[in-house]
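Asker: Sequence:
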Amino acid sequence: MRTKNIMIVGVGGQGSLLASKLLGRLLMNEGYDVKVSEVHGMSQRGGSVVTYVRYGDNVASPVIDTGEADYIVSFELLEAARMVKYLAPDGQIVTNTQQIDPMPVITGAASYPENLVDKMKAADVKVDAFDALALAEKAGSSKAVNLVLMGRLSKYFPLPVSVWNKAVEESVPAKFLELNRKAFELGRSAG
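With this note's numbering, letter number 19 in the sequence shown gets 250, and the count goes up by one each step, no holes.
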């Protein structure tokens, strides 16, 4: 099989690294060669965080180039729009509609762009945008956005839910397992 590429993007502290580790574990459990590369940026100060997950029969490099991402999973709307250039022509974006103001917006030097989902769709980008934060809060914690997004992403993969559930069990602490299972299921079944 050809190498498949997933980019996970967001803002520091949103849980994107756990999401990438869960995906990596899931894909390794299925027998794929997997490479995960974390590009932190200014993650500790609310800056962009980008993680690459590549899988296939034989993956040579962990890096995804422009136009190669089969999926972009975004924890924040502006980050999704910023990464569109990495999306493959037939790629899919799964994004939270949450908006976190970047520093230029906070300082008043810029304003948050409007109608980003509409603009991406107008450019023929396949976008699955939804309020993952509200679903995470419904599951019991705003910190569960990562599992809500993984649940939504799972709808695009030809793998049984049991495989995803096993990866969730192996990736999150036991005391948070039920909350994360609920968040995953809410993301998978929403919309």
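Derived by calculation from the structure, the hints in this document are not laboratory data. Just so it is clear, CB atoms sit at the ideal spot from N, CA and C, and this is done for glycine as well. Please note that the accuracy of each hint is not assured.
Said to hold, decoys possible - When the alpha-carbon atoms are kept at most 20 angstroms apart in a straight line, the in silico SDA-like pairs for lysine to any residue are as follows: (1) 386 <-> 331; (2) 397 <-> 387; (3) 406 <-> 387; (4) 316 <-> 374; (5) 374 <-> 328; (6) 386 <-> 360.
Claimed, not checked - Restraint-style ranges between C-beta atoms, simulated for each label pair: (7) 409 <-> 334: 20 to 30 angstroms; (8) 319 <-> 353: 10 to 20 angstroms; (9) 397 <-> 420: 15 to 25 angstroms; (10) 397 <-> 336: 34 to 44 angstroms; (11) 334 <-> 268: 31 to 41 angstroms; (12) 369 <-> 330: 37 to 47 angstroms; (13) 373 <-> 420: 11 to 21 angstroms.
Asker: All hints, please: hold or fail.
Answerer: Here's how the hints hold up against the structure:
no.	hint	result
1	386 <-> 331	violated, 26 angstroms
2	397 <-> 387	holds, 18 angstroms
3	406 <-> 387	violated, 28 angstroms
4	316 <-> 374	violated, 28 angstroms
5	374 <-> 328	holds, 15 angstroms
6	386 <-> 360	holds, 14 angstroms
7	409 <-> 334: 20 to 30 angstroms	violated, 37 angstroms
8	319 <-> 353: 10 to 20 angstroms	holds, 19 angstroms
9	397 <-> 420: 15 to 25 angstroms	holds, 19 angstroms
10	397 <-> 336: 34 to 44 angstroms	holds, 40 angstroms
11	334 <-> 268: 31 to 41 angstroms	violated, 25 angstroms
12	369 <-> 330: 37 to 47 angstroms	violated, 19 angstroms
13	373 <-> 420: 11 to 21 angstroms	holds, 19 angstroms
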